[in-house]
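Now for the letters of each chain:
2 protein chains.
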Amino acid sequence: MKEPVLAKPPLLAEGIVTVDKMGEIPLPEQIYRAIRDAVRSAVLRPGTKLPSTRRLAAVLDVSRNTVNAAYGLLLAEGIVSVRPGSAPRITEDLPPEGASVSLSGSPAAPLLSRRGETMAANLRGRGWGHRFGAFQPGAPALDCFPYEEWARCLRRAARLERGADLLYRNFAGVPELQKQLAAHLAVERGVHAEPEQILITSSMQSSLTLVSQALADAGDSAWLEEPGYVGARTAFHMAGLSIHPLPVDGEGADIAKMPAAAAAPRLIYVTPSHQFPLGARMPLARRLALLEAARTGGAVILEDDYDSEFLFSGRPVAALFGLAEEGQVIYLSTFSKSLLPGMRVAYCVVPPALVEPLAQAVRNFGCAANVQAQAALASFMDSGGYRKHLKNIRQIYQARGSLLVETLKERLGNSIEVDRPTGNVQLALTFRQPRDDVALALEMHERGFAVSPLSSYYIGSEKRSGLVVGFAGATEKQIAQGVEALGDLLANKRAG
Amino acid sequence: MKEPVLAKPPLLAEGIVTVDKMGEIPLPEQIYRAIRDAVRSAVLRPGTKLPSTRRLAAVLDVSRNTVNAAYGLLLAEGIVSVRPGSAPRITEDLPPEGASVSLSGSPAAPLLSRRGETMAANLRGRGWGHRFGAFQPGAPALDCFPYEEWARCLRRAARLERGADLLYRNFAGVPELQKQLAAHLAVERGVHAEPEQILITSSMQSSLTLVSQALADAGDSAWLEEPGYVGARTAFHMAGLSIHPLPVDGEGADIAKMPAAAAAPRLIYVTPSHQFPLGARMPLARRLALLEAARTGGAVILEDDYDSEFLFSGRPVAALFGLAEEGQVIYLSTFSKSLLPGMRVAYCVVPPALVEPLAQAVRNFGCAANVQAQAALASFMDSGGYRKHLKNIRQIYQARGSLLVETLKERLGNSIEVDRPTGNVQLALTFRQPRDDVALALEMHERGFAVSPLSSYYIGSEKRSGLVVGFAGATEKQIAQGVEALGDLLANKRAG
Numbered sequence: 001m002k003e004p005v006l007a008k009p010p011l012l013a014e015g016i017v018t019v020d021k022m023g024e025i026p027l028p029e030q031i032y033r034a035i036r037d038a039v040r041s042a043v044l045r046p047g048t049k050l051p052s053t054r055r056l057a058a059v060l061d062v063s064r065n066t067v068n069a070a071y072g073l074l075l076a077e078g079i080v081s082v083r084p085g086s087a088p089r090i091t092e093d094l095p096p097e098g099a100s101v102s103l104s105g106s107p108a109a110p111l112l113s114r115r116g117e118t119m120a121a122n123l124r125g126r127g128w129g130h131r132f133g134a135f136q137p138g139a140p141a142l143d144c145f146p147y148e149e150w151a152r153c154l155r156r157a158a159r160l161e162r163g164a165d166l167l168y169r170n171f172a173g174v175p176e177l178q179k180q181l182a183a184h185l186a187v188e189r190g191v192h193a194e195p196e197q198i199l200i201t202s203s204m205q206s207s208l209t210l211v212s213q214a215l216a217d218a219g220d221s222a223w224l225e226e227p228g229y230v231g232a233r234t235a236f237h238m239a240g241l242s243i244h245p246l247p248v249d250g251e252g253a254d255i256a257k258m259p260a261a262a263a264a265p266r267l268i269y270v271t272p273s274h275q276f277p278l279g280a281r282m283p284l285a286r287r288l289a290l291l292e293a294a295r296t297g298g299a300v301i302l303e304d305d306y307d308s309e310f311l312f313s314g315r316p317v318a319a320l321f322g323l324a325e326e327g328q329v330i331y332l333s334t335f336s337k338s339l340l341p342g343m344r345v346a347y348c349v350v351p352p353a354l355v356e357p358l359a360q361a362v363r364n365f366g367c368a369a370n371v372q373a374q375a376a377l378a379s380f381m382d383s384g385g386y387r388k389h390l391k392n393i394r395q396i397y398q399a400r401g402s403l404l405v406e407t408l409k410e411r412l413g414n415s416i417e418v419d420r421p422t423g424n425v426q427l428a429l430t431f432r433q434p435r436d437d438v439a440l441a442l443e444m445h446e447r448g449f450a451v452s453p454l455s456s457y458y459i460g461s462e463k464r465s466g467l468v469v470g471f472a473g474a475t476e477k478q479i480a481q482g483v484e485a486l487g488d489l490l491a492n493k494r495a496g
Numbered sequence: 001m002k003e004p005v006l007a008k009p010p011l012l013a014e015g016i017v018t019v020d021k022m023g024e025i026p027l028p029e030q031i032y033r034a035i036r037d038a039v040r041s042a043v044l045r046p047g048t049k050l051p052s053t054r055r056l057a058a059v060l061d062v063s064r065n066t067v068n069a070a071y072g073l074l075l076a077e078g079i080v081s082v083r084p085g086s087a088p089r090i091t092e093d094l095p096p097e098g099a100s101v102s103l104s105g106s107p108a109a110p111l112l113s114r115r116g117e118t119m120a121a122n123l124r125g126r127g128w129g130h131r132f133g134a135f136q137p138g139a140p141a142l143d144c145f146p147y148e149e150w151a152r153c154l155r156r157a158a159r160l161e162r163g164a165d166l167l168y169r170n171f172a173g174v175p176e177l178q179k180q181l182a183a184h185l186a187v188e189r190g191v192h193a194e195p196e197q198i199l200i201t202s203s204m205q206s207s208l209t210l211v212s213q214a215l216a217d218a219g220d221s222a223w224l225e226e227p228g229y230v231g232a233r234t235a236f237h238m239a240g241l242s243i244h245p246l247p248v249d250g251e252g253a254d255i256a257k258m259p260a261a262a263a264a265p266r267l268i269y270v271t272p273s274h275q276f277p278l279g280a281r282m283p284l285a286r287r288l289a290l291l292e293a294a295r296t297g298g299a300v301i302l303e304d305d306y307d308s309e310f311l312f313s314g315r316p317v318a319a320l321f322g323l324a325e326e327g328q329v330i331y332l333s334t335f336s337k338s339l340l341p342g343m344r345v346a347y348c349v350v351p352p353a354l355v356e357p358l359a360q361a362v363r364n365f366g367c368a369a370n371v372q373a374q375a376a377l378a379s380f381m382d383s384g385g386y387r388k389h390l391k392n393i394r395q396i397y398q399a400r401g402s403l404l405v406e407t408l409k410e411r412l413g414n415s416i417e418v419d420r421p422t423g424n425v426q427l428a429l430t431f432r433q434p435r436d437d438v439a440l441a442l443e444m445h446e447r448g449f450a451v452s453p454l455s456s457y458y459i460g461s462e463k464r465s466g467l468v469v470g471f472a473g474a475t476e477k478q479i480a481q482g483v484e485a486l487g488d489l490l491a492n493k494r495a496g
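For the protein sequence lines, the chains are B and C, in the order given. Per the UniProt record's numbering, numbering of the first sequence is gapless, rising by one per residue and ending at 496. Per the UniProt record's numbering, numbering of the second sequence is gapless, rising by one per residue and ending at 496.
It is possible that part of the hints are untrue.
No copy labels: a pair is met if it fits in one copy or bridges any two.
Unchecked claim - Mimicking DMTMM-like on lysine to aspartate or glutamate, the simulated pairs with C-alpha atoms at most 25 Å apart in a straight line are:
(1) 409 - 325
(2) 257 - 149
(3) 391 - 161
(4) 388 - 149
(5) 391 - 149
(6) 463 - 488
(7) 257 - 61
Hint data in this document are derived by calculation from the structure and do not stem from the laboratory.
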């Protein structure tokens, strides 16, 4: 079956990439599609070098920005890979030639649907988000989790014959957990809601998927912090929304900086208590301006409050949900950062009128959470164990974050900028001089450090280059070794 | 704000319902939409009687079947309700006039998107599926579950610091559970797959949602057993598929009876080992014919094997997955029936080429299962506890099913037909003479028995009337009382 390896035409061969400047499809997308299709149909082989952006721009008579944007799309989908010090190439380990997802042996090969390709996209870039090691962003510390206590809560919860909750009742949440959360949110976050308004789901990601699809139709517009959470971008992408970057500065998202030409959004995703990934707290005036803009524009705000429970110092800013009129804000949170992602319990607080339809949607989608884990969590909260755990990790995470920042500043203060984190499980550092952060992050991965390139959190073409570094689980030794490794890379190589 | 209650026009008033016989929208849908919109815009009030199908058919000059189908849609969406002995009416407890889901107090009320309305639909009919009591279809017995043993497994699993599985690794399943399932499926079901082909999800419903959307685009055609599983219908409905009923007889789904005019399907949903809800096993010849038809038509078969693990007698028929060429079949199963729905662990076996994209889709959708429950399940399977539990519930369920059938035959043999169940947690009985099974089921609900009307499992206008009765959790007393209640209803009232 193996055919002899034939020479394949280079990418610039006539007809492989052409653009229609009068066409409806944006130019970067035309270039991206042409290259993608050439790879799929095996016209371009894995390993083929891409021409420089300057050269392809000249050949096609388009701007370099256009080619840059097209290459960005190819990179995001993993069709193209970048290694430090060499030109981008068609990725080597793509599925066999012919089609990216065809099934051999079947005359009627089930391909993913067009929608399925969207669902299967990894917007982190091929391979990103599947790498593990020290410094992984988003990960809480495994060594601080109270396994014994949690195991006892689980056992106690699982010994009970809980009646119809274990069958098909209360899909949107076990009532005692909803009650605990309602009390907790009222006290800690100024979020006042009836227990049934708190829908329990299996993850922040399923909350985002559910809410984006239930509140917006394909083609609707959504605004997303720039840089921002890739999980939200993924949910919007799967929902077929038109995503617009919402500028972020040292005070978080700034609605006033949104270009006037941007389409009125149906959804606005923000992280006011601790901007992800840069860390800013949004001042009250800006929160009110955001609410007012959303109100006049008829948008719903998705407030992701994922880490307000373990800010290191001071009180978190009041949640938008509590400041807003009813129905303006959906409040989202998760136990993934405060406890463990593997627990798969998250929740969203919705307006009364959406309780019934969204509870039914949780059932129809099948994204309800494990009932025994929910019950265990309710008792863990009720006993004060959860509050004690938060206090504990706040101290440990603050110490680890501080040590990381001190070590970074001491060793690399000339090349990077970084602030002491005010909370959370990760921080972002930026470079004083532009660097290819994707290449740097890949090099760090090869050394066992799972940092992410800051540029990968941006949608638009203006990206800051830097690294997002998880510190919650980092030991002293890992911090010392990781900073050393980064220093070597910054000193020895001008990556990119 | 309260307006005086004004007289509202009757449904037959000029202009409320009109049809365009030359239009593209099917006539039943036109009628359904007209009535729905009139209810939404408060032109028709809750409680308004619908005219008889004969009368409306005459007024609109369409067939009675057309009006019947329209009423069926309204009933399924809960816009219309039927009570025994009276005409169908606009449901009384609909949300307030004006809009079905508007938010008071907000000038820019966030309505569900069009897609959101689909996601929030309850195809079981308004209120169905949220009622609880004896005889609930689909429910395993809560009194047979080994709570102590399971609680110990969970505790042991939760005490371990499991490394990155608890963070963001192995979204598509904990490896030891995938291995246990691979071994189990090979021995018990002739399903031979590598462990990584077994994707663990949070429910059968999330598997169906994921697979329908990833393999089919909106507008694609899907065939569904008639009568068939409402969960599959819901997933197809949310995916925007065009759903066609696949005829079922005493040997299960019969592809040969499919009308030649039906659009070639992208997906075919079947339950070959034990047809849901009628119970037939599909003979080998018919399974092969189904595979051949799917192969030539380029369809993917979704094989829901939800209950093959606890058939009461004999071996289950070989799974289609093992008979098929690679890529023809996706095999779906769940622990909801063999253990507990509240565990929220299910799985699907997919072809090798779909492993990577669908694993990413599980992550993007957020429908992964609780990690500690997965690990506990792996040890429960490894220790032999799962096998012992299956053997135990097989005997108990068989005894309960037999007692139910004997009692039904003894007391109601003249009015109903019912067979001894060969497996599962529920059975279907049919009436010797046509009955309004929706009205009967509602009456049973009021007496505390959560049976479902058999007609609600049908899509088309030809429905068998009967009841689906869960027996797994039924005590002797409940069986005696439930059959007595049904007998009274059948004797005293000619429901409908």
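Going down the list of hints, with the structure as the test:
In this homomeric assembly, residue 409 and residue 325 never come within 25 Å of each other (Cα to Cα): the closest approach is 44 Å inside a single copy and 59 Å across copies. When the C-alpha separation of residue 257 and residue 149 is checked against a cutoff of 25 Å, the pair qualifies neither within a copy, at 48 Å, nor between copies, at 59 Å. Taking the closest pair of Cα atoms, residue 391 and residue 161 come within 25 Å of each other only across two copies (21 Å); inside a single copy the shortest separation is 33 Å, beyond that limit. Proximity of residue 388 and residue 149 under a CA criterion of 25 Å is satisfied intra-copy only: 12 Å inside one chain copy versus 30 Å between copies.
Taking the closest pair of Cα atoms, residue 391 and residue 149 come within 25 Å of each other only inside a single copy of the chain (16 Å); across copies the shortest separation is 33 Å, beyond that limit. Taking the closest pair of Cα atoms, residue 463 and residue 488 come within 25 Å of each other only inside a single copy of the chain (24 Å); across copies the shortest separation is 73 Å, beyond that limit. Taking the shortest alpha-carbon separations for residue 257 and residue 61, neither the intra-copy value of 31 Å nor the inter-copy value of 59 Å comes in at or below 25 Å.
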